[in-house]
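Participant: The residues making up each chain are set out below.
2 protein chains.
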Amino acid sequence: MTLQDILDPLLDASWKGFPHHSPALRRSAVGSQGWNVLRGDLPLPLAVIRRDALGGNLQWMQGFAGSHGVGLAPHGKTTMSPQLFQRQLDAGAWGLTFATVTQLRAGVTAGAKRCLIANQVFQAVDLQGIADLKRANTGLSVAFLVDSLAQAELIEAWYAVNAHVEPFDVLLEIGVDGGRTGCRSHEQALAVAKRLRSGKATRLVGIECYEGLGATGESDADKAYANALMQRVRDIAQACDERQLFETDEILLTAGGSAIFDLVAEHLKMNLSRPVQGLLRSGCYVTHDQGTYHRFMNTVAARMGCGHGLNAAMQVWAAVQSCPEPGLAILAVGKRDISYDLELPVPLGLCKAGEATMTPAPADWKIAGLNDQHAYLRGSGPEHQSLRVGDLVALGISHPCTTFDKWRWMPVVDEQNNVCDAIVTCF
Amino acid sequence: MTLQDILDPLLDASWKGFPHHSPALRRSAVGSQGWNVLRGDLPLPLAVIRRDALGGNLQWMQGFAGSHGVGLAPHGKTTMSPQLFQRQLDAGAWGLTFATVTQLRAGVTAGAKRCLIANQVFQAVDLQGIADLKRANTGLSVAFLVDSLAQAELIEAWYAVNAHVEPFDVLLEIGVDGGRTGCRSHEQALAVAKRLRSGKATRLVGIECYEGLGATGESDADKAYANALMQRVRDIAQACDERQLFETDEILLTAGGSAIFDLVAEHLKMNLSRPVQGLLRSGCYVTHDQGTYHRFMNTVAARMGCGHGLNAAMQVWAAVQSCPEPGLAILAVGKRDISYDLELPVPLGLCKAGEATMTPAPADWKIAGLNDQHAYLRGSGPEHQSLRVGDLVALGISHPCTTFDKWRWMPVVDEQNNVCDAIVTCF
Chain S
1258 MTLQDILDPL
1268 LDASWKGFPH
1278 HSPALRRSAV
1288 GSQGWNVLRG
1298 DLPLPLAVIR
1308 RDALGGNLQW
1318 MQGFAGSHGV
1328 GLAPHGKTTM
1338 SPQLFQRQLD
1348 AGAWGLTFAT
1358 VTQLRAGVTA
1368 GAKRCLIANQ
1378 VFQAVDLQGI
1388 ADLKRANTGL
1398 SVAFLVDSLA
1408 QAELIEAWYA
1418 VNAHVEPFDV
1428 LLEIGVDGGR
1438 TGCRSHEQAL
1448 AVAKRLRSGK
1458 ATRLVGIECY
1468 EGLGATGESD
1478 ADKAYANALM
1488 QRVRDIAQAC
1498 DERQLFETDE
1508 ILLTAGGSAI
1518 FDLVAEHLKM
1528 NLSRPVQGLL
1538 RSGCYVTHDQ
1548 GTYHRFMNTV
1558 AARMGCGHGL
1568 NAAMQVWAAV
1578 QSCPEPGLAI
1588 LAVGKRDISY
1598 DLELPVPLGL
1608 CKAGEATMTP
1618 APADWKIAGL
1628 NDQHAYLRGS
1638 GPEHQSLRVG
1648 DLVALGISHP
1658 CTTFDKWRWM
1668 PVVDEQNNVC
1678 DAIVTCF
Chain E
1258 MTLQDILDPL
1268 LDASWKGFPH
1278 HSPALRRSAV
1288 GSQGWNVLRG
1298 DLPLPLAVIR
1308 RDALGGNLQW
1318 MQGFAGSHGV
1328 GLAPHGKTTM
1338 SPQLFQRQLD
1348 AGAWGLTFAT
1358 VTQLRAGVTA
1368 GAKRCLIANQ
1378 VFQAVDLQGI
1388 ADLKRANTGL
1398 SVAFLVDSLA
1408 QAELIEAWYA
1418 VNAHVEPFDV
1428 LLEIGVDGGR
1438 TGCRSHEQAL
1448 AVAKRLRSGK
1458 ATRLVGIECY
1468 EGLGATGESD
1478 ADKAYANALM
1488 QRVRDIAQAC
1498 DERQLFETDE
1508 ILLTAGGSAI
1518 FDLVAEHLKM
1528 NLSRPVQGLL
1538 RSGCYVTHDQ
1548 GTYHRFMNTV
1558 AARMGCGHGL
1568 NAAMQVWAAV
1578 QSCPEPGLAI
1588 LAVGKRDISY
1598 DLELPVPLGL
1608 CKAGEATMTP
1618 APADWKIAGL
1628 NDQHAYLRGS
1638 GPEHQSLRVG
1648 DLVALGISHP
1658 CTTFDKWRWM
1668 PVVDEQNNVC
1678 DAIVTCF
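Top line first, the protein sequences correspond to chains S and E. Following this note's numbering, the numbering of the first sequence begins with 1258 at its first residue and continues without gaps. Following this note's numbering, the numbering of the second sequence begins with 1258 at its first residue and continues without gaps.
Because the hints were derived from the structure by calculation, they are not lab data. Mixed in with the good hints there might be a few duds.
The list cannot tell twin chains apart, which means a pair is met if one copy fits it or any two copies do.
List time: in silico BS3-like cross-link candidates among lysine-lysine, alpha-carbon distance up to 30 Å [stated by the list, open to error]:
| no. | residue 1 | residue 2 |
| --- | --- | --- |
| 1 | Lys1391 | Lys1526 |
| 2 | Lys1609 | Lys1451 |
| 3 | Lys1451 | Lys1526 |
| 4 | Lys1623 | Lys1609 |
| 5 | Lys1609 | Lys1457 |
Bear in mind the structure is a predicted one, so any value in this text is a computation, not a measurement.
Based on the sequences and whatever the hints tell you, model everything.
Facilitator: Here it is in structure tokens:
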């Protein structure tokens, strides 16, 4: 398995969406085949990434972080795409964030030198995996989360019989009552931090929280929530600094999903005894969406008092396979192909069979249900009545993560839906 | 890309669940590594298939079809695993069913000679794909669904400029009002059948329906519904036979998902002017589940007046990563790893950290929510209170299809959770 095999693998017709008749191609060769999605060169359904929106999103989010004086460590779990990891790093990302050691490995392969695992690590196989990756990649830094004495003790126990490896860089996680992981109280957090300082296996390098699960989209509530959480994070950071519990030259302060990252960014700058590196970890911004994150970003834009620069970059094209009843068209696309966890897909556009241009989907169209391989497109107007088998419909998504993980590759398309590049994923 | 690469690919640490430290291994070599899931040899989360339950399921379902005088063409979309396709064919399956041409290709690669596509095909790229597969695989038969004149005309139009290929074998699909695809009326179905007979591009080889979406789990309602639907299917078959619209020596009659297949099996036998091959297309039986299909099968068993031989063969193991509040443990497993479309996962068992045996999960345990990479395990009893970071929890699933598609490979395990084999998937 060479680096080329991973970063520029051979795609063939066993990969969903790849043309049945095409010989196997390196990913990097896909963009020069002259394929067009609306001309029928590729089998449907097909998830595509719009080149221009993607480029704009990468730039805007990096600019947002820069202008707020914090770094960006985008969450790689969203896309798990080495090509997108490289684009994020090239755009100026401080590093990348992952959820597991297997994901981390993909990021390191793509060239990441500074990585966070925004998750607890404690299993022997995973601790060994991090140690091995660091040994094999000089200069690689990896920090993961700790939120309990129990977890700290598991790491110490492993280290006691593996003391030849470097200690693990760890971030203390702060959580909220009724939330997910993370220390619930100042005292508990401080007790864990002290244990991390006293132990041989770990070096405390910063404080982490994840505010995204508490976001509502109502600015007053979200501001109060984010301020309270971030104040706790800062209090802990201050307390750890005063007690000299941090063991590196630089202290990391990190938060930030894709919903209310603007409300936490300012809180990630602090004056402590050592330089503080604030880090946002947004992931969904890469392709953005037409649902949940679209609405959250409208609120972000309202708070910022100006527009935002994110545009939905992902679309899933599907064909009308049957018009069995008035008001109902069945599309050949389903749960295997598109997000359905936060909301059902939204009709974006129509390309009549044999034509190669998209017109916007009428407002009365709605995806009313999804099966594994089918979608129910309902509508009441004349455009729906004139739908025919073979017409193509573009669907927008809500929650990029759960569409990315349904595709091993995706074409990147220009505004005319010409395939000009391709990314692969490694879920 | 050789046949070995597809059927026996090289797995490595970039595949989720594969040990970080292991060299790349052919799939066929995984079973001899001496790995054990509960001993921590593989990173978690990890979906596993229980060897004995799998073997029993393959045998029982094939036996059910045989004892009812029908063939089995299992739906391959459930698993998309060449190894499981081969097991199904070896167990005596008539052939395999797929939803797309890309899926069909995987089945043909695995050795299927008789295939159904239980979906409408009409796009040029897909028609060409089927023609190419048939040309490259002598003796391969492929039949797909047609349910409208519009679709028939698209196929004719393609064929008019590609008349050098064999006509396509097609099944006329019968549907129900308020349902998905399929002709709604006898007259409409007959009109489509006549067009298929008169056209040059198609040969009508049988009649198809899918009853699964109308299943409720209430026997009286399900019987009435299945009887009415199957009577319509039989009436159409009779009418097509009388009008000599079938163009093959054998007529296919096919129905059957995994919910109420017992209610349609008897209807798939018919006396027509040519031999009739009845075909069930169940897919989920391969691993069965602990949710939706478990309940449906209880009802099937009650109707049969005896037990059934399906046992849940899929489990997803995850580690407790945090116990942040009384009554709440966070598991490192999420939407990326396990089905959540029909129901959330169900706790099945517990393996305390450092031990290697599973005890049943207490009745008060419940998965209360899933994020992309996390699960919320709630409980009120003493066993939940004694949960610690590092403990392992086995989760059962509802709907095998949407767990299979989250894994590129899965170990097959014996009763002690030793890894004795592995399957790969090609979603």
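Participant: Give a verdict on every hint.
Facilitator: Verification of the supplied hints:
Taking the shortest alpha-carbon separations for Lys1391 and Lys1526, only the intra-copy value of 28 Å comes in at or below 30 Å, while the best inter-copy value is 64 Å. Taking the shortest Cα distances, Lys1609 and Lys1451 sit within 30 Å of each other only across copies (27 Å), while inside one copy they are farther apart (65 Å). Taking the closest pair of Cα atoms, Lys1451 and Lys1526 come within 30 Å of each other only inside a single copy of the chain (23 Å); across copies the shortest separation is 74 Å, beyond that limit. Within a single copy, Lys1623 and Lys1609 get their C-alpha atoms as close as 18 Å, which meets the 30 Å cut-off; across copies the closest is 48 Å, which misses it.
Only between protomers do Lys1609 and Lys1457 lie at most 30 Å apart by alpha-carbon distance; the minimum there is 25 Å, versus 66 Å within a single protomer.
Checked against the numbered hints given earlier, this structure breaks none of them.
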